[in-house]
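Participant: First to last, the protein sequences are chains A, B, C and D.
For the first sequence, position 158 matches number 158 in my numbering, and the numbering has no gaps at all.
Start counting at 1 in the second sequence, then tack on 479, and there's your number in my numbering.
Start counting at 1 in the third sequence, then tack on 958, and there's your number in my numbering.
Start counting at 1 in the fourth sequence, then tack on 1437, and there's your number in my numbering.
If you're looking for bench data, these hints aren't it; they were derived computationally from the structure.
Cβ atoms here follow ideal geometry from the backbone N, Cα and C, with glycine treated the same way.
Don't take each hint at face value.
[What the hints assert, rightly or not] Distance condition first, Cα-Cα at most 16 Å in a straight line; then the derived EDC-like pairs of lysine to aspartate or glutamate:
| hint | chain 1 | residue 1 | chain 2 | residue 2 |
| --- | --- | --- | --- | --- |
| 1 | D | 1904 | D | 1557 |
| 2 | B | 630 | C | 1086 |
| 3 | C | 1285 | D | 1897 |
| 4 | A | 348 | B | 699 |
[What the hints assert, rightly or not] Now the stretches of chain A that chain D is said to cover, found in silico as 3 or more residues with beta-carbon under 8 Å:
| hint | stretch |
| --- | --- |
| 5 | 114-127 |
| 6 | 145-153 |
| 7 | 184-193 |
[As the list claims (entries may be wrong)] So the derived list for chain D, only partly shown, Cβ under 7 Å to chain C, looks like this:
| hint | residue |
| --- | --- |
| 8 | 1673 |
| 9 | 1676 |
| 10 | 1714 |
Spelled out, the chains give:
There are 4 protein chains.
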Amino acid sequence: MSSLHEECGVFGIYSSDAGLDVAAAAHYGLFALQHRGQESCGIYVSDRGVPTGYKSRGLVGDVFTRDVLAGLGGGNMAVGHVRYGTAESNRSRNAQPVHVNHSNGSLVVAHNGNITNAGELRRRYEMEGCIFHTTSDTEVIAYTVTRERLKCGSIEEAAARAMAQLEGAYSMAMMSSQKLVACRDPLGFRPLCIGTINAADGIGNSFVIASESCALDAVDARFLRDIAPGEIVIIDKDGLRCDTRHCDAKKEKRLCVFEYIYFARPDSVIDGHPVHLSRTTAGQILAMEYPVNADVVIGVPDSGLDAAIGYARQSGIPYAIGLIKNKYIGRTFIQPVQSDRADSVRIKLNPVAAVLRGKRVIVAEDSIVRGTTFVRLVKLLRDAGATQVHVMSASPPYRHPCYYGTDVKSRESLLANRHGTPEDIAAAIGADSVSYLPFGELRRLVKPGQGICTSCFTGEYPVQIPKEPVKSRFEEKLG
Amino acid sequence: MSSLHEECGVFGIYSSDAGLDVAAAAHYGLFALQHRGQESCGIYVSDRGVPTGYKSRGLVGDVFTRDVLAGLGGGNMAVGHVRYGTAESNRSRNAQPVHVNHSNGSLVVAHNGNITNAGELRRRYEMEGCIFHTTSDTEVIAYTVTRERLKCGSIEEAAARAMAQLEGAYSMAMMSSQKLVACRDPLGFRPLCIGTINAADGIGNSFVIASESCALDAVDARFLRDIAPGEIVIIDKDGLRCDTRHCDAKKEKRLCVFEYIYFARPDSVIDGHPVHLSRTTAGQILAMEYPVNADVVIGVPDSGLDAAIGYARQSGIPYAIGLIKNKYIGRTFIQPVQSDRADSVRIKLNPVAAVLRGKRVIVAEDSIVRGTTFVRLVKLLRDAGATQVHVMSASPPYRHPCYYGTDVKSRESLLANRHGTPEDIAAAIGADSVSYLPFGELRRLVKPGQGICTSCFTGEYPVQIPKEPVKSRFEEKLG
Amino acid sequence: MSSLHEECGVFGIYSSDAGLDVAAAAHYGLFALQHRGQESCGIYVSDRGVPTGYKSRGLVGDVFTRDVLAGLGGGNMAVGHVRYGTAESNRSRNAQPVHVNHSNGSLVVAHNGNITNAGELRRRYEMEGCIFHTTSDTEVIAYTVTRERLKCGSIEEAAARAMAQLEGAYSMAMMSSQKLVACRDPLGFRPLCIGTINAADGIGNSFVIASESCALDAVDARFLRDIAPGEIVIIDKDGLRCDTRHCDAKKEKRLCVFEYIYFARPDSVIDGHPVHLSRTTAGQILAMEYPVNADVVIGVPDSGLDAAIGYARQSGIPYAIGLIKNKYIGRTFIQPVQSDRADSVRIKLNPVAAVLRGKRVIVAEDSIVRGTTFVRLVKLLRDAGATQVHVMSASPPYRHPCYYGTDVKSRESLLANRHGTPEDIAAAIGADSVSYLPFGELRRLVKPGQGICTSCFTGEYPVQIPKEPVKSRFEEKLG
Amino acid sequence: MSSLHEECGVFGIYSSDAGLDVAAAAHYGLFALQHRGQESCGIYVSDRGVPTGYKSRGLVGDVFTRDVLAGLGGGNMAVGHVRYGTAESNRSRNAQPVHVNHSNGSLVVAHNGNITNAGELRRRYEMEGCIFHTTSDTEVIAYTVTRERLKCGSIEEAAARAMAQLEGAYSMAMMSSQKLVACRDPLGFRPLCIGTINAADGIGNSFVIASESCALDAVDARFLRDIAPGEIVIIDKDGLRCDTRHCDAKKEKRLCVFEYIYFARPDSVIDGHPVHLSRTTAGQILAMEYPVNADVVIGVPDSGLDAAIGYARQSGIPYAIGLIKNKYIGRTFIQPVQSDRADSVRIKLNPVAAVLRGKRVIVAEDSIVRGTTFVRLVKLLRDAGATQVHVMSASPPYRHPCYYGTDVKSRESLLANRHGTPEDIAAAIGADSVSYLPFGELRRLVKPGQGICTSCFTGEYPVQIPKEPVKSRFEEKLG
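Only chain A is shown next, with the shape it has when bound in the complex (with noise of 0.2 Å):
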C-alpha cells in the first residue's frame, strides 16, 4: 500500500577460500535484498584483478539464470546492487553496478543513497573536460574516486579523500582489483553491515558486506557488526582493517526510521536494532495512545502486520489475518475488466469476509504517504461487512520530500499536505477514525541514543539538499 520506494541495495564479498562461490553468493544476498529494489540488478565478479559482470532490468530470479551465472565465472571477489529506480530515472542504463576501466587499474562501484550535491560535482567535472554516460550519482562517485587515486597510493586512500568531497547519503561497496572497500556517510544515513563465512568460531577469512544483515543470513554468514557512519573498511589479502577519520562521535547520526518503518525486512538488524522489534513497539505504542473499542485487529501485508500484532498484544483485542495479498501479482498486466470501471483493488489485495463481517476493525499499516489507495482500502474492508474501520499507521505524518535516497519528490503528492488533521483524513478516505505515532514517540522504535533522519516528518533536513534537480535535464524515453 505504500507509495515509498528505497532505491537500492549493497552487496560485497571477499573470499580466501578457492570453495566458495562468490557469484552465487552475490546471488542470494541481492535475491535477500530484492525488497530494496525491483528495477534493476547487477553482479561483478573479480577474478584475479579481472572484472566481469553483468545488469540488467529486471528481478534477480530473472536476471541471473543459470547462463548468466555460469558466464560471470569464478573469482575471489564480487560485488551486486539491486536498484529501485524512480519514475524519473528507470533507465536501464542507470543498472548497478558502474564499472570503470581506468589505466590505472578497474573500479566498480554499488552504491545506496543520494549525493546530494552530485550536481555540482557532475558539472565541475564536465567543465573539465570529462563526459557521463548515466544521469546516476554512482557515476558521479565513480568519478571522484578514480580522480582521488591519480593523486594518492591506494584505493582507500582515495576513497577517504572522496568522501570528503562527496554530500548526502551513501552506504556503498566498492572493488579495485586487489580490494573491496565499503563505507558509509558520516551521518549514517542508510544501513550497512559486515559477517564472516566459513568461520568455524572466531572471525573467518572470508567477509561479506550487505545493506541488512537478512543478506548475511541468506548466505549463511555470521553477522560481525554495523559499519559505523564514516567508517571505511578495507579487505583484502592481509584481512580486514578500518580507516576511521571521518567518523565524529560528536556529530549526530541520522540513520533514516523508515527503514525500521517500512524499508527493511523484519528479520534484519540494523545499528543494534531488530527491525521487527521497531514495528511491534509501533503498533504498542499506538494502542496506548489510541484506544479504541474493535472486535479485531488486521494489518496491511506485508509491512502493516507488525504494527497490527504489537496493537493486538497491547490492547488484548484478537489479531487476524484480515486480508490476503495476491503473490503472484508481479508482472500481470491490469485492464479493467468493465469498461465503466476502475480496475478491482481485489485483484491484489482479498479481504477475508469471515473475520471481518460485523466487526470493529482496526487496520494498522506502516504509513499513510499517498491517499488513493487507502481510500479503496477502506471501501474494500466495509463491503466485507467491516462496521468500524480505524486506521492506524506506524509512523508520524508523512509531509516532506526525502532527498536521501527514496523516491518521494513532490509535496503536492503527500495526503498528509492535503488534509490538516487525522480527522480530516480519516473523513478523506472514509475511515471512522486515523491515528498516527506521535512523532515524540519515533525514538523509541530505535536503540536508545541512536541518532535518526526525520526530515520526511520535519522538513529540517540534516545535510544540505540538492539546488536542482540532475536527472530530469538528460532523461530519454527508451534505452
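Using the hints, position chains B, C and D against chain A.
Facilitator: Positioned in the frame of chain A, the structure of chains B, C and D alone reads:
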C-alpha cells in the same frame, strides 16, 4: 513447506453485457486461482460461437501479456484453467483447457480433479479407432462428452450422460458454441461455485463459475452459491438453469478436507464454510489437545499462519511473525554457494531472531507430508536461538496417496509411514515434540453435516482407485 | 517475387550406428529444407521405442536451440518437418510432426501434400466418435493409419491399407516404435527420396528420407534413389525393404512441375532430373521462342537467376547481377517512412544502376502469379535507368488454384486471369513485353517420359478436388 | 568464405518534413547496411533536442521490433549504427551510437573506422581524471569532441578541432541537440555519402548520411555526392553547409580498396565508382592475366559472383551457379552429426552437381584470407565431380593486418604468409591452381586518380599504427 500440490483451478464466465471483457475477467480469475496450479495456464474466449484460445507453460502473469490478451479478442463466454502439472506429466501439451473442433460444434473443457477410470475409457475409445494427443484425463472427458453429444440433442444432455460414465473427482467448466456448462462429481470432491456480476441487486445477467470464491471476488462478482455435488449448471442466453439427476441427497459427500487445510486460499468460502475459520479452528483444537508451556507461537508462512493464530488465541501464548518468506523466490536458479554444503533453506525462509532467541517456540504448519524440509526448519529455529521447538500439524498424519486430484503418489515418501509415533517423528526431525490434529476432530473443521474425503489419512477410498498408471506409458522427455 | 508457397518439407532418419546423432541429423536436414516452409518446424526422436519431440512456430535455426536439441536426447530414429502454413491455417497447433500415443503403440507422422478427401474422412471419423485437435490433414492421416493398424499386424500393412483410402498428394515419413516408414502417393505429386549414410561403399546400415536430395547432402548421406509413386519403404533393424502394391506402371505420373520451376532448391535432383537444369533449360527455351534485342539479361533473385543465365547463354546477350536482395530481411518490422507513400520495394530488392543505366533489360523470373510486386519491380528497373524492360516467365500463365499442397486458393487473385494476353499483362505491369514459357515446352523441363501435373495451367485436375474447404470452419484467431 | 569483417556502418538523417518518420528511416538505412556489421546495432532519435535511443546485440530486424521503434518516438534527427564486433571486443557495452549527456548539451556519435591514437588519447584523458565505460574508440571521439566543445562556440568547430587530434580512419555521424554533423578523415579510408529526400527536383530540405549509397536507396533518398576526405558536413534548420579546412587536395587519398573487393554491397557506388563494376573488372583482369582451359566459371556466393561473371564474359567460358548458399544459416546451432567427423561445410554451401560433374571448374572468390574454408571448398567441388579446380582471387595476396577498421589482427593467421607462392597455396588447399589479382592492376578497380589504401597487401601503412592493443587490457568475459 508442504509437498502437496493441487492439480488445477477452473474458471468460466458467460456475459450478457457487451461492456464486460470476458478475456480480462478470465485473466483475473485465473490470477486469483494461481495458487492451485503454477505449471501452465490457458484461456479460451468464445465470440459468437467461435472459440479462440491460448495456453502455455508459465504463470498467468507471464503467459497473458498485453499482446496475448489482445489476440484473444472479445466475446461473450470464456473458460480458463491453471494447472499444477505433476512430476510425471508436466508437459505443455497437457495444458488446459482442451479444445475440440467437431463437425457438430466446438467444445472447450477445463477440469479439476482426477477421472479414476480414465485409463479404461481411453483404452476402449482407442480400440474403436480414436487417437489421443495428450495423456490428460481432460481429453478423456472431452471424448466422452463428444461421443454422447452424437447420440443426443444438447450439450447438457451429453454432459449428464457422460457423468454416468466418468468416475472419480471432477469439477469442470465446458463451453459449447452457445452454452457454458459446469459440472461437479456426485461426491463433490473438489469445490466449484457460481457468482453473478453486474447485478445492482438480485441476480444479474452475467455469471461466473470458479473453483474458489476468491476468484469471484477478483472480478467483483457476487457469490451466489456452491454448485451441488452431482449438479450440472447450464448458462446461455436464456439465463441459468440446472440438471440435478446425478444429485443424490442420500449419498454421503466427499469434499476433500485438504482444501480447507492447505489448498484453498484463506479468503475463500467452500461449501458454506470459510477456509480461514477451518484453519484457526484447527489451531484452537491443537491448543486444547496439546497444551505446551511455551513463550511464543509462530506459523510457517503462509499455510501455517492461521493455525498459529488460532493456537495463540486459545492458549494465551503470544503470537508473532517468526519466519520471513522471500516472496521473490519464483524462478530463482539455485546453486550451492559452498561446494561442500547443501543450500541454505534461509534463502527462502529466514527466522526472525529477535522473536525466537531464548524462547520456547511453538511452530504451526498445515501438515507434515514429507520430512526433509522439516529437519532444516527445526534446525533453523534452534540456530536462531529457540530453546525448544514444538511442531503442531493442523492435520492428522498423512499416510496414503491421493487419487482424486493431488499429486502424492508414493506411500514410501510419506513421513508418517516411515516413523511410527509422533515421538519417533519428533526425533527424526529434531523437534522437542510433534503433535497432529486428532483424526476425530477433522469434522470440526467443516460445516456440521458436511461429508469429507479423508482417504489420505485412512487409506479407505470412496471411489475405486485406478488400476494402472495411465500416464507413465506415454510420457515424452520434452514437448 | 513469387506468391506461391510450398506447404511442407519432410525428413526421416533410421540409424544402426550409435555414433550417429539422429536429432542433429534431422536438424540439419530440416535446415536444408527450410525453403519449403518457414512457418513452423518440428522434430521427434525415438529412443528405444519412446518418442520425444518438439515443434514450434519459427525458423529451424531459432526453434532448435542448443537447449531444445539437448532435450531431445539420443535415439535411433527421428522424423522432422518444416511447414509453410497457409494464410488460412497458420496456427501453431497445426505444426508437424503429429504424434499419437495409442495403447497399441505410438505413431509420429510428417507429411507434405494435401489429402483431397480429408474432409470426408474427418467427418466420417467424427460421426463415429472421434475428436480432432487440429485442422491439418496430417491428423486425418494419423487417424486412418491408426484405425487400420487395429485391424492388421504391422504398421506397414496399416500404411498400405490407409493409402487405399487417402486421396490426393502425399509424401510422408512415419515412425512407429520400431520402424521408419515412408510413403509417396501413387501419382507422385510431391518428391521424396532416400539416401544412405556412413557407407564407405555400397549401401550402409543407416538410411535417410527427405523431400529433396539437398537434405541428404546436408547430412553427408549418399543419394540412393527416389521413392517411386505408390511405393512404401520400410526401414527397421533388418534393413530396408519396400511394398509396391500401390505402384502402377500404367498410371501416368503427376509430379508437380512447379517443383522444378520454383519450389525445390537448384542443387536438388528430383525424379532423376537436376532442378538447376530445368531452370536454365527454361531460359534457353525462352531465348529461342522470344528473341529480344537487348543489352543485358538479369534474373530476379533467387528463383529467376538460372533462367536468366540460360537465356543469356542461348541468346549471347551478357548476363549480369542487376538486382540485390537483402538477405537479412527475415523478421524485419516494416512501417512506412513517409506517411503518404507505400513502402519502397527497395528495402528488399535494390537495382544495380551500373548494370541497368541506359540498357535494354531482359528480366527473368520463375513465374508471374500475382501482379502487385511486378508493377513495382518494373518501375524499379526503369527508375534505375533501364530504357526497356522485357519480362520472361519461366513458366506458362498460372491460371488455376492448386489443391495438391500449395497455397494459391483463389482464381481471382491470379494475374493471368485478370488480363487476357501477354500484351495486356505487359501493359498492366508497365513492361515493354511479357513472355511466358509455352505450355507445350513444359515437358522439356523434366526427364523424358516423366509424367507431370500441370493443373495450375490447365485447370484439369488428375485427382478429384475437395468438395468443401475443411479448414475454414474451425479456425481460431490465435493459438 | 571470407574471414574479413568490416566493423561498422553509419547512418544519419535530418528532416525538415514533419511527415517523415526518422526512426523508420534509420531502421531501413541500418537494414541496408546490415552486411557491414551483424553483432550489434543502435538508433538514437532526437526530438526537439532530446535524444532517445536503443542499442543492443543482434540483427536490425530482431532488435528493432514494433515496440522498440514505437518507444523511440518521433523527432527531426536520427543517427544509427551497425557494428561487427571483433573477437576481442564483442561486448554489448561497446554497441554504438555512443550517447553523452553533458551540461553543455547532448552528443550522439556513430563511427566507422579505427582511431589509431585512441590509446594515447584515452590515457591522456584518464590521467586528467576522466573515466571510460567502454573499450571503444568511439568513446575517445566523443571525449575529444566534448572537450573541444568546451573551448569553442559550436559543435562543428569542436568537430574540426577534434579532427586535428584524431588519427586513423573515421567516417562518422554526430548529432548535437540542434545539428547533424558528418565527418570523414582526411585520407578518406572509409566511405561516406550524402543524399536528399523528398525533393521532387533539385535539393530537398531533408538529408541523409550513410556509409554506402545502398542505404540512401533504401529510404528513397536521392544520392547527392560523396563526402570528401577531410570534409565536415553540417545540417541544421538552415540547410546544409560544409567545412573543408581538413581537405587537402595535395594529400593522396587512401580509400580502402577492400570496400570495392568485399565489404560494400554491389549496388553501392563509392567515391564515384560502382562496386559492381570493380568486381566484374577484377574478373575480367583475371581472365586476361590467367587464361585457363576450363568448362565452367562459378563464383563463391555472394562476394565472388560478380568476379566470376566478369571472368566468364572476358574468357567466353560459360558462367553458372555452381554453389548454393543456405540463406537461413543465421543463428543455427551447429553440432557434429557424427562423433568422429567435423561438420560438413555442405550445411552452409552445397555444390550443384549437375553444373560441376565432369567439368574443369574455375571458381572465383573476393579474396583468400585464411585457408581452412578453402580446403573444404575445393574438396566439395571435387566430390561433386569437378575434374579440375582453379581458384581465382579477385584481390592480391592478403599478407598484413589492417589497423583502419577491419578485424584481421594477426599476421600468423593469414594464408599468404604461411605459404610462399601461388603454387604452394594451391597445394595447401588442394586446388589445381590459385591465381591472385596482380597488385599492379588494383588501380583499375577504382576511378582513375582515386587514391587507395593497399597496406594489407604491402604492409606499408599510410597512418601510424597503434603502439599498443588498447582493448585487450580491459576486456570482460561477459556483459
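Participant: It remains to establish, for every hint, whether it holds in the given structure.
Facilitator: For each hint, the structure was consulted:
1. D:1904 / D:1557: Status holds; Cα separation ~9 Å.
2. B:630 / C:1086: Holds, at about 10 Å.
3. C:1285 / D:1897: Violated, because 36 Å separates the two Cα atoms, which is more than 16 Å.
4. A:348 / B:699: Roughly 12 Å separates the two Cα atoms, so the pair holds.
5. 114-127: holds (count 5)
6. 145-153: holds (count 3)
7. 184-193: Since 0 is below three, the answer is violated.
8. 1673: violated, 21 Å
9. 1676: violated, 20 Å
10. 1714: holds, 5 Å
The structure fails hints 3, 7, 8 and 9 (numbered hints given earlier, in ascending order).
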